[in-house]
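Student: Sequence:
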Amino acid sequence: MGIISCQMCIFKPPDEVYKQGEVVAGLIKYTILEPVEIQKITTSLKGIGTIVLKVHRGTKNRVTYKSKETLVDIDNIVQDEKMKLESGSHEIKFHFTLPDTIPSTSKTCKCFGNFKATCVIKYYIRIKLQGSGLFSIEKHFRKEIPVKSDVAPTLSREPVNYMKSKKLVRLFSSQNGLINIKATILNSALAIGGKIVLHYEVKNDSHVIVKSVQTKLIQAYMFKADGRSAMNYEEDVPSTDAKITSIDSQTTRTECIDIQLPSNIYNLENSKLVSRYYFVRLIAQLPLPHGNIVLNIPVQIGVNENANDNKMAQDYEDIIDDDQPPSYWEVMGEARKENDESSDDDDDENHKSKTNK
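Each residue of the sequence shown is one higher than the one before, counting from 50 in this note's numbering.
Derived from the structure by calculation, the hints contain no laboratory data. A few of these clues could be false.
[Stated by the list, open to error] Straight line, CA to CA, 27 Å or less: simulated BS3-like cross-link-like pairs of lysine-lysine:
{"hint": "1", "residue 1": "Lys109", "residue 2": "Lys273"}
{"hint": "2", "residue 1": "Lys213", "residue 2": "Lys273"}
{"hint": "3", "residue 1": "Lys131", "residue 2": "Lys78"}
{"hint": "4", "residue 1": "Lys231", "residue 2": "Lys89"}
{"hint": "5", "residue 1": "Lys292", "residue 2": "Lys115"}
{"hint": "6", "residue 1": "Lys156", "residue 2": "Lys192"}
{"hint": "7", "residue 1": "Lys260", "residue 2": "Lys231"}
{"hint": "8", "residue 1": "Lys109", "residue 2": "Lys165"}
{"hint": "9", "residue 1": "Lys109", "residue 2": "Lys159"}
{"hint": "10", "residue 1": "Lys156", "residue 2": "Lys171"}
{"hint": "11", "residue 1": "Lys265", "residue 2": "Lys159"}
{"hint": "12", "residue 1": "Lys165", "residue 2": "Lys321"}
Input sequences plus hints: build the corresponding full structure.
Tutor: Now the structure itself:
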C-alpha cells in the first residue's frame, strides 16, 4: 500500500495532559503516493497495561510472569466499503472520550530482592487502513497521548487520629513499662505538590530511653501478574524525613512536622496490574532487645480540588473548526506486525481475551 507517512494534529488541553472523562479530538493526515483501493479505515482510542515480573531462583533459574489488561478500546469505522483513493494527502477527523475510571500513564521498573517488575500503562490514537483484495496489506499508525487521572479521595480530608502503644517487660520487676504514640494528620487526601501536616505525641511511661523518633514519607507499589501472588515494594521518598532526639523515661514530647510533597509523585489507581500508594511512617527507636514502634499513616496524593473547573468546556464541533489552523502536526509511528510489542490488532485481541479472566 503506497502510504508513505501519517501525521496527527491533536487538540490538547492547556497543560497538554488529558484527564479522565475528557475529549480527545483532532485530525489525522495520511499521504498516498499512488491511487489505491481501500476496503476499510478505522480510527481508535486504545489504552493498554502490561506487566513483566521476573523471579530469579538461583544463578541460572528464572521464571517470568506476564499479564496485560485493556483499559480503553474504542473503534470508529470511518469507511467500511471498497473505495479508490487518489494520490495525495487525505484527512480524517477523530473524536473520543476517555473513560471516567482509568489509571494514569506510567512506566515503572523496580528491582527488589530476587524480583524485577516492569509495568507500562499507555494510551494512543491509532488509524488502521486495510486494502482490498486477497493479498491486501494493512497499515497501522499510532501516536501515544499522556493521561493523568485525578485520584478519587477515599481518605478523610478532616483531622484523623492514629495510635500505637507498646508494653515493655522489665526483668525482675512486677512493673511493666508502656510507650504510647498518638498522631493526628490534618488532611489525608492531598493535591499534587501539597503539604502534609502531622502532629504527634510520644508518652514514655517506661524505664528505657526512646533513642529517637523519625518520620518519613514512603512510596509503595503493588505488582500483580497472572500465576503469581501480589508483590509489594516500598521506598523512601527523598527529602521528606525528619528526626528528633531522645525522649527520656517518664517524659512526654509533642511535635508538629510539615512534609512538602514533591510535584512528581501521586497515587496510581484503577489498574489490576499495578498500584502506587503513600503513607507517612513514624518510627520510635528503642534500645535492644526491644523492637521499634512503627506507625503507618496512609495518605492519598493527586486529589483535584477543582475537578469541575478543569473539564474541557468546548464542544467537539468548536474544537474541530475547519477554519482553525492546526497548532502543529506530529508524526504517527507505524506499528509493524513482526514486532509483537508494537503490533496493534493481534495484540489488541490478546488484550481483550486476557483482561477479564
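Student: Does each hint hold? Answer for all of them.
Tutor: Structure-based check of all given hints:
For the proposed pair Lys109 and Lys273, the alpha carbon gap of about 24 Å is at most 27 Å, so the pair holds. Restraint check: the Cα-Cα separation between Lys213 and Lys273 comes to about 31 Å, which exceeds 27 Å; the hinted pair is violated. Between the alpha carbons of Lys131 and Lys78 the distance comes to roughly 20 Å, so the proposed pair stays at or under 27 Å and holds. A hinted pair counts as satisfied when its Cα atoms are at most 27 Å apart, and Lys231 with Lys89 does not qualify at roughly 65 Å.
This hinted pair does not check out: Lys292 and Lys115 have alpha carbons roughly 41 Å apart, beyond 27 Å. In summary, the hint linking Lys156 to Lys192 is supported, as the alpha carbons are separated by about 16 Å, within the 27 Å threshold. About 17 Å separates the Cα atoms of Lys260 and Lys231, which keeps this hinted pair within 27 Å; it holds. Taken as a hint, the Lys109 and Lys165 pair is honoured in the structure, with Cα atoms around 15 Å apart against an allowance of 27 Å.
Taking the CA atoms of Lys109 and Lys159, the gap is about 21 Å. The hint holds against a cut of 27 Å. Distance check on the hinted pair: Lys156 and Lys171 sit about 8 Å apart at the alpha-carbon level, within 27 Å; holds. Of the supplied pair hints, the one linking Lys265 and Lys159 holds, its CA atoms being roughly 20 Å apart against a limit of 27 Å. Among the hinted pairs, Lys165 with Lys321 is consistent with the structure: their alpha-carbon atoms are about 18 Å apart, no more than 27 Å.
Violated hints, listed in ascending order, are 2, 4 and 5; each of the other numbered hints is respected by the structure.
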